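Let's have the full structure, built from the sequences with the hints guiding it.
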Amino acid sequence: MKFRLKELRKERNISQLKLAVDLNMNQNTISRYENMEREADYETLLKFADYFGVSIDYLLGRSENK
Numbered sequence: 380m381k382f383r384l385k386e387l388r389k390e391r392n393i394s395q396l397k398l399a400v401d402l403n404m405n406q407n408t409i410s411r412y413e414n415m416e417r418e419a420d421y422e423t424l425l426k427f428a429d430y431f432g433v434s435i436d437y438l439l440g441r442s443e444n445k
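First residue of the sequence shown: 380, per this note's numbering; consecutive thereafter.
Please keep in mind that the hints were generated in silico from the structure rather than gathered at the bench.
Computed from a predicted model, the values in this text were never measured in an experiment.
It is possible that part of the hints are untrue.
Below, a list of computed lysine-lysine pairs in the DSS-like style, where the Cα atoms sit at most 27 Å apart [what the hints assert, rightly or not]:
id	residue 1	residue 2
1	Lys-381	Lys-426
2	Lys-445	Lys-385
3	Lys-381	Lys-397
4	Lys-445	Lys-397
5	Lys-389	Lys-445
6	Lys-385	Lys-426
7	Lys-389	Lys-426
8	Lys-426	Lys-397
9	Lys-426	Lys-445
10	Lys-381	Lys-445
11	Lys-385	Lys-397
Quick look at the structure:
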């Protein structure tokens with residue numbers, strides 16, 4: 380599975396810390412999601428998708444359509 384969180388974050392020049400603060404998460408948790416050490420639950424996927432304005436399918440690499 381291709382999880383595009385890091386790609387989306389870097390495209391927008393957002394640090395892990397800023398993303399974590401904006402979404403009320405821990406920076407270490409963001410890092411674990413990006414490195415596939417932890418899987419995001421549905422609610423977290425929704426937060427990421429809404430934050431970046433993309434679909435969950437795009438976020439998970441299931442679609443090329445943002």
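**Q.** Index of numbered hints that the structure contradicts, given in increasing order
**A.** none
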